[in-house]
Amino acid sequence: MKAKQNWRLMALLLPAIALICVLFLNPLVGVLIQSFVGDDGFTLKSISKLWTSRLARVVLERTFWLAFTVTVICLLVGYPAAYYMSQLRPRKRAMITYLVLLPFWISILIRTYTWIILLGREGLVNNALQWLGLTEQPVQFLYTNFAVHLGMVQILLPIVILPTVAGMVNIDGGLIKAARVMGASPIRAFWSVFFPLSLSGAATGGLICFILSLGFYVTPTLLGGQKSLIIANLIDLQVHKTLNWGFAAALATALLLATLLCLLIFWLATRNRPEFATGGLSR
Amino acid sequence: MKDTGATIEFRNVRKEFGAFTALDNFCLEVGAGEFMTLLGPSGSGKTTALNALAGFIDVGQGDILIDGISIRQTPTEKRNIGMVFQSYSLFPHRNVLANVSFPLQMRKMHKAEVRQRSMKALEMVQLAELAQRMPHELSGGQKQRVAIARALVFEPRVLLMDEPLGALDLKLRESLQLELKALQKQIGSTVIFVTHDQGEALTLSDRIAVMDQGEIQQICTPQELYDQPASTFIANFIGSNNILRVGGADQHSIQVEGLGRIPLKPGTEKPYAVGLRPELIRRTESDGVPAMVEQTIFSGEAIRYIARTEDGTEILLVEPRHPGEAPLAAGQSIALGFDFENLIFLPK
Ligand SMILES: Nc1ncnc2c1ncn2[C@@H]1O[C@H](COP(=O)(O)OP(=O)(O)OP(=O)(O)O)[C@@H](O)[C@H]1O
Ligand SMILES: [Mg+2]
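Protein chains in written order, with the working numbering: chain C, 52 to 334; chain G, 32 to 379.
The set of hints was computed from the structure by calculation and includes no laboratory data.
All residues carry an ideal CB built from backbone N, CA and C; glycine is no exception.
Accuracy of the hints is not assured; some may be wrong.
Said to hold, decoys possible - Restraint ranges, calculated between C-beta atoms of paired labels, are given here:
1) F329/G - P141/C: 45 to 53 Å
2) R164/G - L185/C: 54 to 62 Å
3) F329/G - Y134/C: 24 to 32 Å
4) Q244/G - P141/C: 25 to 33 Å
5) S158/C - A198/G: 48 to 56 Å
6) R339/G - P141/C: 47 to 55 Å
Stated by the list, open to error - Over the 12 Å line for every Cβ pair with chain C, so calculated as not near, a few chain G residues:
7) R42
8) A85
9) T107
10) E108
11) S120
12) P134
13) Q147
14) G278
15) V287
16) E316
17) P321
18) F329
19) R339
20) P354
21) L359
22) A361
Input sequences plus hints: build the corresponding full structure.
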């Protein structure tokens, strides 16, 4: 009886599973195979190039570092905002949530181009700085790591904020009261109760942000310079310019494995913490 | 008993939520080491009173004093109050020991002492073996006991408990009641205890304050409350009772529905109603109030009868059960006997 019901419920997943198979697994396997296929059949050349090519290693490292710093900045900026939102009444919180989501209505491409307009040599920011007399020459914002971070943080911030808020809203307000009556000042109650309990939601947001950052393409390409070439650019280069599809596939595989490794580490680090089991999204 | 308990006093405390008055001119004095129970129906302001004492809400008017000193300006964390919440409120990210240690850590106590005192508190509630468990790995009763240990661990002079046993089944509740009472005696804290359960209130309390609609209706010992309820509301709320309307009266007697004419002591005012405990009614052979059994209810150690008198009044009576003896059947005629001094004259 129970098993039968489970099967019926599983049937609801079928469309999603079919979609994943056709649109996701199929190309994924294709990429995996591609990384082992050369001009004359099976080869390990592409894969071994991951080790031998200095470029590949540097770019892979840089990609992870970029994803890491972007995530940290998103968390540092997003956490206080999320805290503010979590303390609002539900109605007002819903309103602010719409505002946080508002940027999603505008394409990433457009938002990135907007940064080019704002940060360019003749852009709004430089004009303002010069007008204020803070600088004589226009500052080089565009095509730097700074611009890449700015663009990515702006895009990813809502993705960090929303799960963090959800996690915080789930924290039972009675626990804070309990901490207070047991002798904790508001600040100590925050650090010893609220903060640890909010970590699961924030970690979920951070993890999603990190993984999305690894695959970012448009923003780093348009806002970054040569020094911020990341793995997506490198793959693109192999596909479109050098036509080395095998190496492109190997790079993609490496990125995938590294991402899975991150998930595994996150899981290992949190599996014994009950509050992480739900990812902070519900309880 | 140690003299750790503090005195508590609510002076004309008033608390409004918008247009709604949750506490109305609330006055309550609790002696050092006393076990005071707030008893009242849902929404009568019991939790509000505790929250005001703990400092979770600001009171609009009036004052609250601990040991004669006003605490209105004292922040919650400086009030030194132990509190057990109805919803347990254990910290889910801390294990049992760390939960119990929390109040001591906040008091910047030495690590070794924190550990030793926390373990002692856990032993008091017989949970020492579960010190390393996480809260979600505990049963409801175990959680409740951790919450109690956590409230007691710093031997607070004031202990507030908001329906601490509410979520437990009857058996566990009864055994925890006794434990709780013993622990309180041992530590000597002044306790304000909130409950819906009048049986629990009668068992545990030194005194009971009955609340209704933000006001205290009566404060007295459990026995007085049972024997001399001050109003129909209380007579109904505590135990079961027959509340009988009063009809015409003259100088010496009143007409009580169901019972007939009852003599009135000289100088007494005509009551609003008369109460008669069902266990104080006995069946007599003759010269009682004639009635007919309508329903027989078996409740373990006792049998309850709902009888109807000739004027149509429903009367509840309770008899201890004698094994082997068949209870009366519905439709049987009986006579009800009672003593005049057992009648409760209710002024309102
Ligand atoms: N924050 C609040 N805002 C508005 N009304 C409130 C608030 N807190 C309590 N009340 C109201 O005050 C009244 C008393 O509430 P309180 O929680 O003290 O009741 P209680 O006696 O503890 O009831 P229960 O036995 O159900 O817990 C209730 O009618 C409640 O609706
Ligand atoms: Mg309550």
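task: Hint by hint, work out which the structure violates, then give me just those numbers in ascending order.
output: 3, 8, 9, 10, 11 and 12
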